[in-house]
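S.K.: Residue numbers (this note's numbering): 21 to 297.
Keep in mind that the hints were calculated from the coordinates and are not lab data. Among these hints, one or two may not hold up.
As the list claims (entries may be wrong) - List time: in silico DSSO-like cross-link candidates among lysine-lysine, alpha-carbon distance up to 30 Å:
1) 123 to 195
2) 228 to 38
3) 195 to 138
4) 62 to 238
5) 158 to 238
6) 104 to 195
7) 38 to 123
8) 38 to 24
9) 74 to 104
10) 172 to 252
11) 195 to 172
12) 62 to 138
13) 24 to 123
14) 62 to 38
15) 158 to 74
16) 172 to 138
17) 138 to 116
18) 158 to 220
Since the model is a prediction, treat every value here as computed from it, not as a measurement.
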Amino acid sequence: DTMKASGLRVDSIAGDFKVNRFQASDKPGDIGIVDYILCCVKAWQVPAAAKAMKPMVGEHTLVIPLQNGVEAPGQLYEVLGEDKVLGGLCAIIAFKAGDGHIKHSGGNPLIRFGRLDKRADQRVNRLSEIFNRCDGVKSSIPEDINIAMWQKFLLITAWSGIGAVTQAPIGAILKLEETREMLIEALNEIYNTCRSRGIKLPQDSIEKTLQTLEGLPKNSTTSMQRDIAEGKPSELDVQTDAVVRIASETGVETPINRYILHSLRPLELRARGAMRF
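Given only the sequences and the hints, what does the whole structure look like? Please build it.
M.R.: Listed below in structure tokens is the structure:
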């Protein structure tokens with residue numbers, strides 16, 4: 021309702037702007053069948069979103085999940101069918117400052133997507149072309165979207181967990197020897213978990229991840245870290261918990277990620293109303 025009345029305001033490091041003319045609805049059935057759906061809800065909201073979007077999915081519709089984590093495509097498969105769902109990810113540091121108000125505080129906006137079975141699909145190419153005609157957004161179709169999703173999972177999950185436990189921004193985490201060491205150990209655990217699943221992340225993935233983190237604004241934090249600090253439900257279950265769950269299936273030890281998970285679990289349960297203290 022706020023966006024319908026006042027538009028969408030975006031405060032961005034690349035230049036502020038406002039969108040006044042667009043269509044918005046909270047009733048998928050009123051919209052009808054569309055060509056593409058970008059699934060941009062929190063990762064723990066994907067199962068409910070999959071059911072809600074069914075009236076918008078037709079024979080040729082493609083759904084692109086952009087969540088943190090690696091489990092959203094499978095959750096969408098279960099409701100919509102495998103042929104309707106791509107793998108996808110986005111990279112940006114942004115947050116909701118208020119109703120109809122977004123703040124983009126870091127990172128060059130990037131979106132990557134593709135078929136998980138690596139098949140060529142003209143609909144995928146067409147969507148990438150649409151994004152690349154937009155100012156300020158880069159789009160690409162990786163050779164293997166599985167690898168691309170795990171590369172982001174590696175970065176965001178280790179950073180989110182260490183950030184949430186320490187309540188520190190990335191600059192402080194990297195500067196302090198003890199927290200930097202924890203971050204590197206968490207990255208190694210996630211990397212080993214990924215490789216144990218047959219996902220062939222490049223051998224220099226941890227080095228490149230650290231380089232990416234070093235290039236961010238020093239006050240940067242993750243959405244999971246901010247949600248936990250603000251007492252909101254977070255993506256703990258689809259980030260750190262997912263690492264521990266997947267690793268346990270393949271016999272990979274994850275002591276740092278397990279410590280993070282156990283340390284943050286009480287806060288997550290309180291945020292969801294399952295524990296009081």
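S.K.: Indicate, hint by hint, whether the structure satisfies it.
M.R.: Outcome of the hint check:
Distance restraint check for residue 123 and residue 195: the Cα-Cα separation of roughly 26 Å lies within the 30 Å cut-off, and the hinted pair is therefore satisfied. For the given pair, residue 228 sits about 35 Å from residue 38 by alpha-carbon distance, which is inconsistent with the 30 Å threshold. Simply put, residue 195 and residue 138 have alpha-carbon atoms about 40 Å apart, too far for the 30 Å limit, and the pair is violated. At roughly 25 Å between alpha-carbon atoms, residue 62 and residue 238 fall within 30 Å of each other, so this suggested pair holds.
The hinted pair formed by residue 158 and residue 238 meets the criterion: a straight-line CA distance of about 23 Å does not exceed 30 Å. At roughly 44 Å between alpha-carbon atoms, residue 104 and residue 195 are farther apart than 30 Å, so this suggested pair is violated. For the suggested pair residue 38 and residue 123, the alpha carbons sit about 12 Å apart, so the restraint of at most 30 Å is met. Distance check on the hinted pair: residue 38 and residue 24 sit about 13 Å apart at the alpha-carbon level, within 30 Å; holds.
Only pairs whose Cα atoms come within 30 Å are accepted, and residue 74 paired with residue 104 is accepted, the gap being roughly 11 Å. Restraint check for residue 172 and residue 252: satisfied, since their Cα atoms lie roughly 23 Å apart, inside the 30 Å limit. Of the supplied pair hints, the one linking residue 195 and residue 172 holds, its CA atoms being roughly 22 Å apart against a limit of 30 Å. Only pairs whose Cα atoms come within 30 Å are accepted, and residue 62 paired with residue 138 is accepted, the gap being roughly 26 Å.
For the hint linking residue 24 to residue 123, the alpha-carbon distance of about 19 Å falls within 30 Å, and the restraint holds. Distance check on the hinted pair: residue 62 and residue 38 sit about 24 Å apart at the alpha-carbon level, within 30 Å; holds. A threshold of 30 Å between alpha carbons decides the hint, and for residue 158 with residue 74 the separation of about 28 Å falls inside it, so the pair holds. For the given pair, residue 172 sits about 18 Å from residue 138 by alpha-carbon distance, which is consistent with the 30 Å threshold.
Between residue 138 and residue 116 the CA atoms are separated by roughly 34 Å; this puts the pair beyond 30 Å, and the hint is violated. Taking the CA atoms of residue 158 and residue 220, the gap is near 25 Å; set against the 30 Å cutoff, the hint holds.
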